[in-house]
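For the record, the sequence lines run as chains F and S.
Residue 29 in the working numbering sits at position 29 of the first sequence, with consecutive numbering throughout.
Adding 1000 to a residue's 1-based position in the second sequence gives its number in the working numbering.
Check before you lean on any hint, since a few could be wrong.
Said to hold, decoys possible - Computed, partial: chain S to chain F, Cβ under 7 angstroms:
(1) K1031
(2) G1145
(3) T1176
(4) G1177
Said to hold, decoys possible - Examples of chain S residues lying across from chain F (beta carbon under 10 angstroms, computed):
(5) R1011
(6) Y1046
(7) E1143
(8) M1146
(9) Q1166
(10) V1167
(11) A1173
(12) T1230
(13) G1232
What the hints assert, rightly or not - Here are the computed lysine-lysine pairs in the DSS-like style, where the Cα-Cα straight-line distance is at most 30 angstroms:
(14) F:K53 - F:K40
(15) F:K211 - S:K1348
(16) F:K53 - F:K83
(17) F:K211 - S:K1137
(18) F:K54 - F:K101
(19) F:K211 - F:K270
Since the hints were derived computationally from the structure, they do not count as laboratory data.
Glycine included, every Cβ here is placed at the ideal spot set by N, Cα and C.
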Amino acid sequence: MTAAAKSLDNPIPPNSQLAQGHLLGIEGLNPLEIAYLLDKAEGYVDHNRQVDKKLDLLKGRTQINLFYENSTRTRASFELAGKRMGADVINMAVEGSSIKKGETLIDTAMTLNAMQPDILVVRHDQSGAVNLLAQKVDGAVINGGDGSHEHPTQALLDALTIRRRKGTLAGLTVAICGDIAHSRVARSNIHLLNIMGARVRLIGPPTLVPKSFERMGLEVHHDMRKGLKNVDIVMMLRLQMERMQGSYVPSTNEYFHFWGLDYEKLSAAKPDALIMHPGPMNRGVEIATDVADDIDRSAIREQVEMGVAVRMACLEVLCDQRQPR
Amino acid sequence: MSGLTAFINARLMDPASKLDAKGGLIIKNGKIREIIKGLDVPQVPYGAEIIDCEGHVLAPGLIDARAYLGEPGQEQKETMATASQAAAAGGITTIAAMASTDPCVDEVALVEFVSRRARDTAIVNVVPTACVTRGRKGEEITEMGMLAEAGAVAFSDGHRAIGSAQVMRRALAYATGWDLLIIQHPEEPSMAASGAMNAGEMSTRLGIPGVPSIAEVMMVERDLRLVEMTGGRYHAACISTEASIKAIRQAKDRGLPVTCSAAAHHFALNELAVGEYRTFTKVSPPLRSEADRLAVVAGLEDGTIDCIVSDHSPHDQEAKRLPFAQAADGSIGLQTVLPLALELHHTKQVPLMRLLDALTRAPAQMLGLPSGKLAEGAPADLILIDLDMPWRITESLFLSRSKNSAFEDRPTQGRAIRTIVAGETVFNLNEG
Chain F
1 MTAAAKSLDN
11 PIPPNSQLAQ
21 GHLLGIEGLN
31 PLEIAYLLDK
41 AEGYVDHNRQ
51 VDKKLDLLKG
61 RTQINLFYEN
71 STRTRASFEL
81 AGKRMGADVI
91 NMAVEGSSIK
101 KGETLIDTAM
111 TLNAMQPDIL
121 VVRHDQSGAV
131 NLLAQKVDGA
141 VINGGDGSHE
151 HPTQALLDAL
161 TIRRRKGTLA
171 GLTVAICGDI
181 AHSRVARSNI
191 HLLNIMGARV
201 RLIGPPTLVP
211 KSFERMGLEV
221 HHDMRKGLKN
231 VDIVMMLRLQ
241 MERMQGSYVP
251 STNEYFHFWG
261 LDYEKLSAAK
271 PDALIMHPGP
281 MNRGVEIATD
291 VADDIDRSAI
301 REQVEMGVAV
311 RMACLEVLCD
321 QRQPR
Chain S
1001 MSGLTAFINA
1011 RLMDPASKLD
1021 AKGGLIIKNG
1031 KIREIIKGLD
1041 VPQVPYGAEI
1051 IDCEGHVLAP
1061 GLIDARAYLG
1071 EPGQEQKETM
1081 ATASQAAAAG
1091 GITTIAAMAS
1101 TDPCVDEVAL
1111 VEFVSRRARD
1121 TAIVNVVPTA
1131 CVTRGRKGEE
1141 ITEMGMLAEA
1151 GAVAFSDGHR
1161 AIGSAQVMRR
1171 ALAYATGWDL
1181 LIIQHPEEPS
1191 MAASGAMNAG
1201 EMSTRLGIPG
1211 VPSIAEVMMV
1221 ERDLRLVEMT
1231 GGRYHAACIS
1241 TEASIKAIRQ
1251 AKDRGLPVTC
1261 SAAAHHFALN
1271 ELAVGEYRTF
1281 TKVSPPLRSE
1291 ADRLAVVAGL
1301 EDGTIDCIVS
1311 DHSPHDQEAK
1321 RLPFAQAADG
1331 SIGLQTVLPL
1341 ALELHHTKQV
1351 PLMRLLDALT
1361 RAPAQMLGLP
1371 SGKLAEGAPA
1381 DLILIDLDMP
1391 WRITESLFLS
1401 RSKNSAFEDR
1411 PTQGRAIRTI
1421 VAGETVFNLN
1431 EG
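Required output: the full structure, derived from the provided sequences and hints.
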């Protein structure tokens, strides 16, 4: 066991995924670990608002961002986080790489591993692909989103945003609305909010929010007005266009009519309810433009800001676990 | 004028409250105001118009959950005006219009069109249904939530089965958001496609390609699994085989939200009626064996079959005067569904109250309608039935624009002699 894991101010238990040097999902983390990551991140929020943002905590470390799926904000956020922490960062996109030439996931992992990276940030369209890859490499692996499984840093940045606005997570009622069935953001948030003592409601059409989620101890609502009643937080999810042409949902028109967030539906929530969205938004599909841009209610841009701080904290904690400074 | 109408000297029969008693009722402003057992003239309020029922059955108006009304698109076969006149003469006060029109009712504007045409031209209530899938193609689900808000009472692709299990699964699941009803035409499409009548000895003799009866139970059983998985409210329309009735009986025993209906021709005729290639007896699903027909009667008797429908399918001569397999499917039925049901009462196979239940309370409950019952405050949609009047079903009596009845020249017994919609008499045999 590393020295850091034993220190008093470090709540990471030896069997935790963090202690192994990976952040693959929120599931399995304990409340103290989450609070620890959030506390660390909190410190980087102010730091990131300074003119000089450069630190040297990860000086000499190599970070590879391996993205099998298109991404703008997550990749940029991880890249900035790594660079601000002082690491050397390279981005590998699937476009134009040997992956397009048919290399398997594990072969790519082994190849990259041979280059001795300290941190691999991986996004993949298949659930479980990041876990598989983590078994094959020596460096720290951060899940940047795998299929419909988990997107842990998104849940952490959402939690930080809520905590800064509301002071706490425990006892809040959070509504997550939209395509829950296919959303890794929803799954990670459900885990995190459950762990931290918030109440979670899921809202959406039955095809996208099956009743089976009730077995996870959550409330499922198909009527958005009922589901939003007295909630503290409204988390909207992005709806993939291909799911709205009659397979899961008949049309964008019907979707917005029943599950799009507008002021009329929002009026059921608490007057100071916070509106969140992981982006990118489909304006007029899952959220009305005026709601999304409401500076008093919407935390959407703040979420992006918190993303960099949270990722800096994750990089720091994982590197500490592997090789304490 | 007090605006009151009193029906006296009637045999009140109301399946919803299990009422079967001598009495009468008073209506005002299109609603039932009071039900009085043993009502006679002294109890009638001053100034009320009095209608003497002469001991006949006064029941809720019939609700037909499945009829094709021609509009929009096939006005040469039927219109809401002509269909509603036929319905009134048949004792039907509410018709659920099938969505399989041209264009089919898969958009809000079409639901509104059906409601508007009904209001402007029909003399009975017409409530719209809408398609489950866009263009009835069986691929993409329709905007069910908004269609329901616009007034669609149920969802069905008409005489076309939803063949894809995945699409049916999604439709049933999506519909649970508003507790909407999905109506299936239960026929495995790949097995039914080439057939024109029931597969069996008769089809073999006639040399007509057959639809095997298992094509129905295969689809019913598949759908029941999906209902169990999704919790969606499901109705199997016009079931015709012993096996599928058994499957639904078992599903109901398991507590699934399932209902089914039988068309009058499936308990009044069997495959022998096809005779010498009579295309008026070509219906979908086809007329079945005598064993199947008896199973339909038994299913009605024990309530496994919730509703009786007309499955009114008007076709002009161009669609029916063709070689059997090329002729269109369907028989008209609005004027004959009640007398054919009453035949089962006269033969003592099904109690009268159960028959009326299958024509009033059951479809009303299934479609979420306020009518179908004799209750204070309910719409004054009523019929007076002469249970015993003998008559012959003849073409000259048909008010529908099309005359393709599978029951032409059939002697029968009993009929509606007066039909009242929202307090207004829309059919009166004695003044006809």
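We went through each hint and held it up to the structure:
Below 7 angstroms, beta-carbon pairs count as interface contacts, and K1031 (chain S) has none with chain F, the closest being about 31 angstroms; its hint is therefore violated. Checking G1145 (chain S) against chain F: minimum C-beta separation of about 5 angstroms stays under 7 angstroms; hint holds. At its closest, the beta carbon of T1176 (chain S) sits 5 angstroms from a beta carbon of chain F; the interface hint therefore holds under the 7 angstroms criterion. The beta carbon of G1177 (chain S) is positioned within 7 angstroms of a beta carbon in chain F (closest approach about 4 angstroms), and the interface hint is therefore held.
For R1011 (chain S), the shortest C-beta to C-beta distance to chain F is roughly 45 angstroms, which exceeds 10 angstroms, and the interface hint is violated. This hint is violated: Y1046 (chain S) has a C-beta 49 angstroms from the nearest C-beta of chain F, more than the 10 angstroms allowed. About 4 angstroms separates the beta-carbon of E1143 (chain S) from the nearest beta-carbon of chain F, less than 10 angstroms, and the hint is met. The closest approach between the C-beta of M1146 (chain S) and any C-beta of chain F is roughly 5 angstroms, which is under the 10 angstroms cut-off, so the hint is satisfied.
The closest approach between the C-beta of Q1166 (chain S) and any C-beta of chain F is roughly 8 angstroms, which is under the 10 angstroms cut-off, so the hint is satisfied. The criterion of a C-beta within 10 angstroms of any C-beta in chain F is met by V1167 (chain S), whose closest approach is roughly 8 angstroms, and the hint holds. The closest approach between the C-beta of A1173 (chain S) and any C-beta of chain F is roughly 5 angstroms, which is under the 10 angstroms cut-off, so the hint is satisfied. Here the hint on T1230 (chain S) is kept, as its CB sits about 8 angstroms from the closest CB of chain F, short of 10 angstroms.
With a cut of 10 angstroms, the hint placing G1232 (chain S) at the interface with chain F holds, because the nearest CB-to-CB distance is about 9 angstroms. Taking the CA atoms of K53 (chain F) and K40 (chain F), the gap is about 16 angstroms. The hint holds against a cut of 30 angstroms. Taking the CA atoms of K211 (chain F) and K1348 (chain S), the gap is near 46 angstroms; set against the 30 angstroms cutoff, the hint is violated. Between K53 (chain F) and K83 (chain F) the alpha-carbon distance is near 9 angstroms, which keeps this suggested pair within the 30 angstroms criterion.
Straight-line distance between C-alpha atoms of K211 (chain F) and K1137 (chain S) comes to about 28 angstroms, which keeps the hinted pair within the 30 angstroms bound. Annotation: proposed proximity of K54 (chain F) to K101 (chain F) is violated, straight-line Cα distance about 37 angstroms (limit 30 angstroms). With a C-alpha separation of about 25 angstroms, the suggested pair K211 (chain F) and K270 (chain F) falls inside the 30 angstroms cut-off, and the hint holds.
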